[in-house]
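Protein chains: 2
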Amino acid sequence: MKATILSIGTELLFGQIVNTNTTYLSKQLQLLGIDVLYHFTVGDNEDRMRNAILRSFEETDLIITTGGLGPTQDDATKEIIAEVMNDKLELDQSVLDGIQSFFDRIGREMTENNKKQAYLPSRCEPFYNDVGTAPGFALENDGKIVIALPGPPREMTYMFQKSGLPYLESKTNSVIFYKILRMWGIGESQLETDLLPLIDVQTDPTLATYAKEGECSVRIASKRATLEEAKQAVAEMEANVMNIVGEFVYSDNDEDLQSVTLNALKTEGLKLATAESCTGGLFAKTMTDFAGSSAVLDRGWVTYSNEAKTDMLGVDADIIATKGAVSPEVAAQMATGALSKSNADISISVTGIAGPDGGSEEKPVGLAYIGIATKDGVHTYKYFSNNKGREWNRYNTMIYMCGKLLAQIKSL
Amino acid sequence: MKATILSIGTELLFGQIVNTNTTYLSKQLQLLGIDVLYHFTVGDNEDRMRNAILRSFEETDLIITTGGLGPTQDDATKEIIAEVMNDKLELDQSVLDGIQSFFDRIGREMTENNKKQAYLPSRCEPFYNDVGTAPGFALENDGKIVIALPGPPREMTYMFQKSGLPYLESKTNSVIFYKILRMWGIGESQLETDLLPLIDVQTDPTLATYAKEGECSVRIASKRATLEEAKQAVAEMEANVMNIVGEFVYSDNDEDLQSVTLNALKTEGLKLATAESCTGGLFAKTMTDFAGSSAVLDRGWVTYSNEAKTDMLGVDADIIATKGAVSPEVAAQMATGALSKSNADISISVTGIAGPDGGSEEKPVGLAYIGIATKDGVHTYKYFSNNKGREWNRYNTMIYMCGKLLAQIKSL
Chain A
6 MKATILSIGT ELLFGQIVNT NTTYLSKQLQ LLGIDVLYHF TVGDNEDRMR
56 NAILRSFEET DLIITTGGLG PTQDDATKEI IAEVMNDKLE LDQSVLDGIQ
106 SFFDRIGREM TENNKKQAYL PSRCEPFYND VGTAPGFALE NDGKIVIALP
156 GPPREMTYMF QKSGLPYLES KTNSVIFYKI LRMWGIGESQ LETDLLPLID
206 VQTDPTLATY AKEGECSVRI ASKRATLEEA KQAVAEMEAN VMNIVGEFVY
256 SDNDEDLQSV TLNALKTEGL KLATAESCTG GLFAKTMTDF AGSSAVLDRG
306 WVTYSNEAKT DMLGVDADII ATKGAVSPEV AAQMATGALS KSNADISISV
356 TGIAGPDGGS EEKPVGLAYI GIATKDGVHT YKYFSNNKGR EWNRYNTMIY
406 MCGKLLAQIK SL
Chain B
6 MKATILSIGT ELLFGQIVNT NTTYLSKQLQ LLGIDVLYHF TVGDNEDRMR
56 NAILRSFEET DLIITTGGLG PTQDDATKEI IAEVMNDKLE LDQSVLDGIQ
106 SFFDRIGREM TENNKKQAYL PSRCEPFYND VGTAPGFALE NDGKIVIALP
156 GPPREMTYMF QKSGLPYLES KTNSVIFYKI LRMWGIGESQ LETDLLPLID
206 VQTDPTLATY AKEGECSVRI ASKRATLEEA KQAVAEMEAN VMNIVGEFVY
256 SDNDEDLQSV TLNALKTEGL KLATAESCTG GLFAKTMTDF AGSSAVLDRG
306 WVTYSNEAKT DMLGVDADII ATKGAVSPEV AAQMATGALS KSNADISISV
356 TGIAGPDGGS EEKPVGLAYI GIATKDGVHT YKYFSNNKGR EWNRYNTMIY
406 MCGKLLAQIK SL
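So the sequence lines, in the order shown, correspond to chains A and B. Numbering-wise (our numbering), the first sequence opens with residue 6 and increments by one. Numbering-wise (our numbering), the second sequence opens with residue 6 and increments by one.
Among the hints, a few may not be true.
Note: identical chains are not told apart, hence a pair may lie in one copy or across any two.
[Stated by the list, open to error] Think about it this way: if two alpha-carbon atoms lie no more than 30 Å apart in a straight line, the pair counts; the simulated DSS-like pairs of lysine-lysine are:
#, residue 1, residue 2
1, Lys7, Lys346
2, Lys217, Lys121
3, Lys93, Lys7
4, Lys346, Lys380
5, Lys393, Lys32
6, Lys236, Lys276
7, Lys236, Lys217
In case anyone wonders, no lab produced these hints; they're calculated from the structure. Because the structure is a prediction, the values reported are computed rather than measured.
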């Protein structure tokens, strides 16, 4: 099956919002084995919308539209789709009831124009919207399919997962199952080289490697007649991949390193203390991004100035003077200081040069030292972030800290 | 002038990257008074590329392409454009020299396929690339214009600003000048209501309001024959806007509240200390996002547990027990504790319920108390973020802290 993703909304053409819907749907369709040939965006203009649909059907069998399903005058997506697909709009009472109960729930009066949303093409399969008011639908005509989804990303993704995906699976006569293994401590080119013997002979399951700041991942996907077969094929390939690069894998469920690290602390019942200089609170902030982090993070220090390092964590001022604030010695004392001044079982520290200024030949921008302390002692690590700017340096240092902390927790 | 933005790249159709180029260019063209009618994305496929260009020219006069200018086999954008525009590719020696010197600079050998990038349509106006290897260009034929830009966002924006913008300005016979006033402490609907007398009679300059998490802004834009006239018109309108909502404006230069707050501290020579509970380091992290923040941030505490609040900042354990950790009393003691335990001139604290759990009828998720202390005493503020999830709550609390801190600095 070949597809076009058609985004409808003048706000997109004005550049007021980034079109993440299209990225999301492209990824989802690819996983279903559906080829996306075009992305198309038009404003709330009936002629251009009609044109875009007619032209897309010249080369593709499936169009997924997002947007233009709302209650206002300029939301004309449904009308145009019904017209092109030789259908008419009819009132769907259960949609109307749903919209009414939505307004009851949020305690507001339903205005008259909201009723417009309850009209759907008569032959369509409705996609009910539990998280907003505008319903979506799938409509077939003459071997062509339109799936219409609302524009707000939260509603769109919810509705695609709940209704669009099962609908498309029923049309493709095959099931895709995939797993994403996420890794830390190996670069993408090394990963690809290591997996080349598997990639070279791949037909199904397919193997694809991806790189992200500081991390990389492998997607193992299989398209088979039944879910059972696809799962079995993925499991066999996963075992092969793990044989080669298993030591680097920290999640077989597409979780990120930050939450895996926090969960490892939680599972082991370890309390954490943080002592940050160059990251300025980013590491503590990251560890508290997730609900339930109060079970893990006891406290943290942001010791940005040299005096703060000495006052707050007892770092020896002479050591700062002789070795420099960015040194393994200072990182070690920050970590042991944080451990002794808290109720934590493990502490992590960082001192580095985030940039853009402050670097030297010996200690360039991007350099950081990390300390990890437990009652058994302290380890320090040197990290260089390949200086691509302050934000990059701080983010990658934080990711490195997660990687080293996770390794330490596993080795305890 | 009417335009289509045509993105070229299979990675977009796979959903591997978000198409931020199109958003950026849409915004830029809107500011130039050029109407964007379509966004279009095709893969590295010659037929579809050719089709997309021909179809776009049926309704629009200008096509801006991004991507497909690289050195590899599948980069065929230039060839197709030359063909459609009745032109031929020719070697541009100065581009070749530029690519050669780029490789010399980064100390790598130039491979043979890089020479492909030095071929440009013979009649084009070349856009030289100082930040990468692939040049862009503008090419006219029969009243139609194609501007070709490289795909990497950093190169694309650089080249658009340096070459594309002046080129288009020369074609539109008018100049746009605009200013963005950013505000805090007023909602978008209130802002729109307040400015309605100005908006209702607007022809030029135009006034547009925008809302962002916790903030809003007004864009004042004028399109005139000369820059002088446009600037004058914007200045007059700005004075009118300032008369009505000036008290809320924190930047007339589109800076964000976080950096304006940091710069205000810097300008006033004030040292800051932070004491965070629910934001877990986010505020300190934000204040250190910018270069030179070491002149401002002295130190920070992340007092996530109740014991940490007492141990680190001297918050009275009885007060926590009777008033609760999320209370104005605790916020005040955190702020005064941070001030007394640092060399700072001003301190800011926060204690709240980030969610998703931990809320009650009396103290719902999204509630936070902020304390700001100086040698003259401490003020506390109650904030409710309208609970839309943990990340939202924490981010908006941080923005509110910036707003209150900035107001306090200005009143000192």
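Please write out, lowest number first, the hints stated earlier that are contradicted by the structure. 1 and 6
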